[in-house]
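Given the sequences, and given the hints that come with them, work out the whole structure.
Quick note: the sequence shown uses my numbering, first residue 1, plus one each step.
Accuracy of the hints is not assured; some may be wrong.
In silico DSSO-like cross-links for lysine-lysine, where the CA-CA straight-line distance does not exceed 27 Å [to be verified]: (1) K41 to K68; (2) K115 to K128; (3) K42 to K14.
It is worth saying that the hints were derived from the structure and are not from the lab.
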Amino acid sequence: DTPLSRPPAPEGEKEEYQQAYETFRNGDYSRAMALFQDFLKKYPKSKLADNAQYWIGECYYMRGEYEKAILEYEKVIQLYPRADKVPSALLKQGFAFLQLGDKVDAKLIFKKVVKNYPTTPQAEIARKKLKALP
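Put into structure tokens, the structure is as follows:
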């Protein structure tokens with residue numbers, strides 16, 4: 001049994017995720033995105049997969065690529081419907097629509113956050129955004 005044929009150790013998985021996250025925090029969004037994408041290819045069933053997908057959306061958002069961010073956040077919602085990142089992904093979709101000047105879709109998304117996740121911090125942020133929008 002060669003080392004390459006064995007499944008990777010869980011701590012390797014966590015370390016790779018952490019490296020991608022630190023790269024994001026340091027502002028290197030292109031590199032962080034590549035690291036998160038590699039992570040998802042290597043560990044598609046990881047408990048951190050929904051988080052990695054969310055941070056890919058954040059990388060696009062931070063680069064001002066709001067349409068792509070919306071699509072990546074949507075993957076979190078579709079692929080990991082019960083994940084704890086879903087309310088955040090939905091909320092950030094709303095913010096991305098606002099950045100694009102699309103207040104109608106932003107409002108729809110914010111209302112969905114409030115309706116589907118009423119007791120979350122994301123719902124509280126969505127409520128404030130809805131009050132601020134005409």
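### Message
Would the hint linking K41 and K68 be met if the CA-CA limit is 27 Å?
### Response
19 Å, holds
Open item on the list: Holds or violated: K42 and K14, Cα atoms, limit 27 Å.
Closed with: 12 Å, holds
message = Checking one constraint from the list: CA of K115 to CA of K128, max 27 Å. Satisfied?
response = 14 Å, holds
Checked against the numbered hints given earlier, the structure satisfies every one of them.
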